[in-house]
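Engineer: Between the sequences and the hints, there should be enough to build the whole structure, so can you do that?
Residue numbers for the sequence shown follow full-length UniProt numbering, beginning at 1 and rising by one.
These are calculated hints, taken from the structure and not from any lab test.
Note that beta-carbon positions come from the ideal geometry of N, C-alpha and C, so glycine has one too.
Be careful, since some hints might not be right.
As the list claims (entries may be wrong) - With a straight-line cut-off of 25 angstroms between C-alpha atoms, the simulated BS3-like cross-links for lysine-lysine are: (1) 3 to 109; (2) 3 to 85; (3) 56 to 109; (4) 2 to 56; (5) 50 to 2; (6) 274 to 292; (7) 109 to 2; (8) 130 to 192; (9) 85 to 74.
To be verified - Quick list of simulated restraints, FRET-style, between CB atoms: (10) 230 to 169: 50 to 60 angstroms; (11) 283 to 130: 40 to 50 angstroms; (12) 192 to 269: 36 to 46 angstroms; (13) 230 to 54: 50 to 60 angstroms; (14) 130 to 252: 40 to 50 angstroms; (15) 2 to 269: 28 to 38 angstroms; (16) 1 to 256: 54 to 64 angstroms; (17) 322 to 166: 39 to 49 angstroms; (18) 50 to 287: 48 to 58 angstroms; (19) 283 to 169: 48 to 58 angstroms; (20) 234 to 331: 22 to 32 angstroms; (21) 107 to 194: 19 to 29 angstroms.
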Amino acid sequence: MKKLGLIINPIAGMGGKVGLKGTDGLSILSRALEMGAAPHSPGRAAAALKQLLSIKEQIQIITFPGDMGETVAKQWGFSTQTLLKGIVSEKNTTRDDTLRAAKELLDQKVDLLLFAGGDGTARDIYESVKTNLTVLGIPSGVKIHSAVFGCSPQQAGELALLYLNGSETREKSAEVMDIDEDLFRKGIVTAKLYGYLKIPFEKRRVQRLKAGSSISEEALHQAIAAHVVTNEMNSDTLYVIGPGTTTRSVMTVLQLDYSLLGVDCIVNKRLVEKDLSEEALLKLCAQYEKRKLIITPIGGQGFLLGRGNQQISSKVLRFFSRNDILVLCTPAKLHALEGSPLLIDTGDSSIDQKFSGYMRLITGYNEYVMYNVVVPGLENVH
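Structural biologist: Spelled out as structure tokens, the structure:
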């Protein structure tokens, strides 16, 4: 039997919908819980494991107590060996739990280590195993800059299936990146390369490394923003402005205060609220009959929704139609995608399907392109 290691970071991503931009540290976790944050990492791990049911009898999952993996593995009926019972935390895990668990799987010589978390979890896995194990991430965090994750939980599971049954044997060294969350919350992005993990590789199923904007793009940002302010904004309409340097140019043109990495709202070209959580967005959207959403894809990766803007959740998106979305994207961002589509992964398949298909992208002043938006693993075009 193949041995599949499974580590779930149960608290990964909990700070996203409540606007905390991460969950590193006990104080931030406490704040997230006080604000009503709920775990979503185990659910995303379950979506990945579902893809392995066809070889369930041929693999054993080696994992850890409770929400660190045991619960989800047994939920799908896998043969499961649970390690370190009574030693690691079962719910609100710490970094030490992940480090200890990864080292244990290294000793067990598992065929593949599958983990659910974000960049912080990837760092911990790297610290413990370096390139001595083949590893694959299930994207569950808020900030996912690293290139060690599947494009979606489903695609992580599909790639794990191909690798374990020998259909896909290619491997590559992929970057482990992370940022300083304290500076991130202040609007300063400082990404650092921590090392490389060895991952199974299939281009369509693995997300790219996040790329930043160059200073030379600032003029294009301003041109796009000027177009939005001049030609796209209507009176008495709520405009929800997603994170990113491209979208923030709209606020700059309007000479409004803003949160670079949060979600802000304006009406009649005036700031209503800034750095909103999912709950605050839901309340505000319910107050307005007309609403528009202004977002930009993540450079290099192409994620439009579901990465870095989890406050704009599937519940929030139910207030919007496809025609209510303004996508701002510089030509350089499109060029970096090398023809790959934009991606959406909100965790709600009905919402993902609703907003997939060709969408208008604003690429300059009175300049547009039509570009395909897909659910990772699906090529539906509307």
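Engineer: None of the hints should be skipped; say for each whether it holds.
Structural biologist: Evaluation of the provided hints:
1. 3 to 109: It holds: about 8 angstroms lies between the C-alpha atoms, which stays within 25 angstroms.
2. 3 to 85: 19 angstroms, holds
3. 56 to 109: With a Cα-Cα distance of about 19 angstroms, the restraint between residue 56 and residue 109 holds, given a limit of 25 angstroms.
4. 2 to 56: 10 angstroms, holds
5. 50 to 2: 17 angstroms, holds
6. 274 to 292: 16 angstroms, holds
7. 109 to 2: 10 angstroms, holds
8. 130 to 192: 16 angstroms, holds
9. 85 to 74: 15 angstroms, holds
10. 230 to 169: 50 to 60 angstroms: 54 angstroms, holds
11. 283 to 130: 40 to 50 angstroms: 46 angstroms, holds
12. 192 to 269: 36 to 46 angstroms: Since the Cβ atoms of residue 192 and residue 269 sit about 38 angstroms apart, the hinted range of 36 to 46 angstroms holds.
13. 230 to 54: 50 to 60 angstroms: 54 angstroms, holds
14. 130 to 252: 40 to 50 angstroms: At 43 angstroms between Cβs, range holds.
15. 2 to 269: 28 to 38 angstroms: Given about 58 angstroms between the Cβ atoms, the range is violated.
16. 1 to 256: 54 to 64 angstroms: Holds - the Cβ-Cβ distance for residue 1 and residue 256, about 59 angstroms, lies within 54 to 64 angstroms.
17. 322 to 166: 39 to 49 angstroms: Holds - the Cβ-Cβ distance for residue 322 and residue 166, about 41 angstroms, lies within 39 to 49 angstroms.
18. 50 to 287: 48 to 58 angstroms: 38 angstroms, violated
19. 283 to 169: 48 to 58 angstroms: 51 angstroms, holds
20. 234 to 331: 22 to 32 angstroms: The hint (22 to 32 angstroms, Cβ to Cβ) holds, given that residue 234 and residue 331 are roughly 27 angstroms apart.
21. 107 to 194: 19 to 29 angstroms: For residue 194 against residue 107, whose Cβ atoms are near 22 angstroms apart, the range 19 to 29 angstroms holds.
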